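Here the structure of chain A is known, so what remains is to put chain B in place on it, guided by the hints.
There are 2 protein chains.
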Amino acid sequence: MLTPRLAVVGLGLIGGSFAKAVRKAGVVGTIAGFDADAVQMQRALADGVIDVAANSAAEAVQGADVVLLAVPVLATETALRELQPGLSANTILTDVGSTKQSVLAAVVEVFGRLPPRFIAGHPIAGTEKSGVANAFAELFRGHRVILTPHADQDAAAQSVVAGLWTATGARVVTMDAARHDAIFAATSHLPHLLAFAFVDMLSRLEGADAEVFPNAGGGFRDFTRIASSSPRMWHDIVRANAAPISALLRRQIAELQELSDVIDRGDWQALATVFENARAVRERHLSRID
Amino acid sequence: MLTPRLAVVGLGLIGGSFAKAVRKAGVVGTIAGFDADAVQMQRALADGVIDVAANSAAEAVQGADVVLLAVPVLATETALRELQPGLSANTILTDVGSTKQSVLAAVVEVFGRLPPRFIAGHPIAGTEKSGVANAFAELFRGHRVILTPHADQDAAAQSVVAGLWTATGARVVTMDAARHDAIFAATSHLPHLLAFAFVDMLSRLEGADAEVFPNAGGGFRDFTRIASSSPRMWHDIVRANAAPISALLRRQIAELQELSDVIDRGDWQALATVFENARAVRERHLSRID
Numbered sequence: 007m008l009t010p011r012l013a014v015v016g017l018g019l020i021g022g023s024f025a026k027a028v029r030k031a032g033v034v035g036t037i038a039g040f041d042a043d044a045v046q047m048q049r050a051l052a053d054g055v056i057d058v059a060a061n062s063a064a065e066a067v068q069g070a071d072v073v074l075l076a077v078p079v080l081a082t083e084t085a086l087r088e089l090q091p092g093l094s095a096n097t098i099l100t101d102v103g104s105t106k107q108s109v110l111a112a113v114v115e116v117f118g119r120l121p122p123r124f125i126a127g128h129p130i131a132g133t134e135k136s137g138v139a140n141a142f143a144e145l146f147r148g149h150r151v152i153l154t155p156h157a158d159q160d161a162a163a164q165s166v167v168a169g170l171w172t173a174t175g176a177r178v179v180t181m182d183a184a185r186h187d188a189i190f191a192a193t194s195h196l197p198h199l200l201a202f203a204f205v206d207m208l209s210r211l212e213g214a215d216a217e218v219f220p221n222a223g224g225g226f227r228d229f230t231r232i233a234s235s236s237p238r239m240w241h242d243i244v245r246a247n248a249a250p251i252s253a254l255l256r257r258q259i260a261e262l263q264e265l266s267d268v269i270d271r272g273d274w275q276a277l278a279t280v281f282e283n284a285r286a287v288r289e290r291h292l293s294r295i296d
Numbered sequence: 007m008l009t010p011r012l013a014v015v016g017l018g019l020i021g022g023s024f025a026k027a028v029r030k031a032g033v034v035g036t037i038a039g040f041d042a043d044a045v046q047m048q049r050a051l052a053d054g055v056i057d058v059a060a061n062s063a064a065e066a067v068q069g070a071d072v073v074l075l076a077v078p079v080l081a082t083e084t085a086l087r088e089l090q091p092g093l094s095a096n097t098i099l100t101d102v103g104s105t106k107q108s109v110l111a112a113v114v115e116v117f118g119r120l121p122p123r124f125i126a127g128h129p130i131a132g133t134e135k136s137g138v139a140n141a142f143a144e145l146f147r148g149h150r151v152i153l154t155p156h157a158d159q160d161a162a163a164q165s166v167v168a169g170l171w172t173a174t175g176a177r178v179v180t181m182d183a184a185r186h187d188a189i190f191a192a193t194s195h196l197p198h199l200l201a202f203a204f205v206d207m208l209s210r211l212e213g214a215d216a217e218v219f220p221n222a223g224g225g226f227r228d229f230t231r232i233a234s235s236s237p238r239m240w241h242d243i244v245r246a247n248a249a250p251i252s253a254l255l256r257r258q259i260a261e262l263q264e265l266s267d268v269i270d271r272g273d274w275q276a277l278a279t280v281f282e283n284a285r286a287v288r289e290r291h292l293s294r295i296d
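As given, the protein sequences belong to chains A and B, one line each in that order. FYI, in my numbering the residues of the first sequence are 7 to 296. FYI, in my numbering the residues of the second sequence are 7 to 296.
Just so you know, the hints here were simulated from the structure itself, not pulled from any lab data. Owing to the predicted nature of the structure, the values given are computational and were not obtained by experimental measurement. Careful, some of the hints might be misleading.
Same chains, same names: a pair is fine if it fits in one copy or spans any two.
No farther apart than 16 Å at their CA atoms in a straight line, the calculated lysine to aspartate or glutamate pairs in the EDC-like style are these [unchecked claim]:
1) K135 <-> E282
2) K30 <-> E144
3) K135 <-> E289
4) K30 <-> D71
5) K135 <-> D228
6) K135 <-> D215
For reference, chain A alone in the conformation it holds in the complex (with noise of 0.2 Å):
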């Protein structure tokens, strides 16, 4: 199934991704884009990640059958009114933001409704790295990608989408966007929290700079490895999601004030339970983690 024209607004690690693993599977024409950054815009022209470079999101959109909306999650509302213009009645619209309950409620915003030609999804995809230059074609093979459908989805629509997903090598799921948001406040914002301020905290130790961090491992490097993640994303998913991710954070704060405790009393075997019970549910779910 042929979409001969792509538009992919906002031209980041994932929109540059997604267009670059598209037309590696030949599955689209001509692929326009657009980002309010020139510089990645410029990149992904000469690139050839996209063969058009936009003047706004509206003239993106212009006649393309699919357009990709990647923009940090909090930038949805704004690049939403600023493409909508450009739409036409048959247009798809679909997301990649990690947060899919504020997306849905920017979209109600911005249509007065949940068109039936707008999906909502989220690939289970990224690095560390962010912008177009870090792009590369095989970033979504062999994840998932969540798409969370509304009442008045368009089934065609939404098979569209899951082609094109499914073309860049990625496995196509769906969910409950309330139950999605509960989820990956779990599995992907809390850690990007506890990351980042893991490597604040350590930060401000004394002798930060000269010593802690010129001791750091390959434990640390991994663990922290999110913490370079994108700044700017990362808060626009906290704010988005905030209820949940505030939720899970005062239980692990609640958790980590309990080993707190169990270590300033020497109760060794509690900690030593909650290391083999962490051990053990790790290795369990490990071969399932994309």
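Here is chain B on its own, set in the frame of chain A:
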């Protein structure tokens, strides 16, 4: 400089990898080994990691020029008592424990002082996989090994140990034991505790097995990799280095409480500042992380 006879007491990931590395480098003759776990020892013998499987720690170290003690840190004192009868006056004894003050205390407990030919060491290398089956000769290549010399240190003995580590491809540096423990509480011990606590917290969520872990992605996998580490080993480390770890844990809890407040009062600029600082600090130091 050849070490005719090496003894390795504790045939896990570190002891096994050290034996493989120095053998590959051609800097040792015979390698005798002992592990209280007969399965580990037979595996080490079958894989050619050691040449001789001894019946006791004392037997393993008999006639050895260098003894590498590679047991969980809280097993140090018992292991030293067990191997002590086999030591000769010229034997060089070294260890690989992640906490140096506790190891030095155990040595004093057993020998009544810090023997000149005892060299405290800590290779900054490892994986989340434990056991001799996961040992490999390249584990230490390009990583640091920290020696924490004491006042009565025999310089020649230190050179022999440093030479063996250099032969594994590691870079040897020296550091004060107390400073070592404070630094690694921050860069290694606390992150392990945080990773264990995070996975443990998630495992208690409703729907953890059915929905939460199956939706984990690459960020989760790296953030929690160290939560697959040996619970026994890390229980020992937290217990052996409890004071600095506890102090840092309290700082981390305070910072997370502050972030929780920041989110609840919607101070998004403060959140962004923490994220930006963390990313900048990590990126600045990344090239120096082994």
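Outcome of the hint check:
With identical chains, the CA atoms of K135 and E282 are at most 16 Å apart between copies only, with a shortest distance of 14 Å across copies and 33 Å within one. Taking identical chains as interchangeable, the C-alpha atoms of K30 and E144 lie at most 16 Å apart only when both belong to the same chain, with a minimum of 10 Å there against 37 Å between chains. In this assembly of identical chains, K135 and E289 lie within 16 Å of each other by CA distance solely across copies; the values are 11 Å between and 27 Å within a copy. In this assembly of identical chains, K30 and D71 lie within 16 Å of each other by CA distance neither inside one copy nor across copies; the values are 18 Å within and 61 Å between.
With identical chains, the CA atoms of K135 and D228 are at most 16 Å apart both within one copy (14 Å) and between copies (15 Å). Neither within a single protomer nor between protomers do K135 and D215 lie at most 16 Å apart by alpha-carbon distance, with minima of 23 Å and 30 Å respectively.
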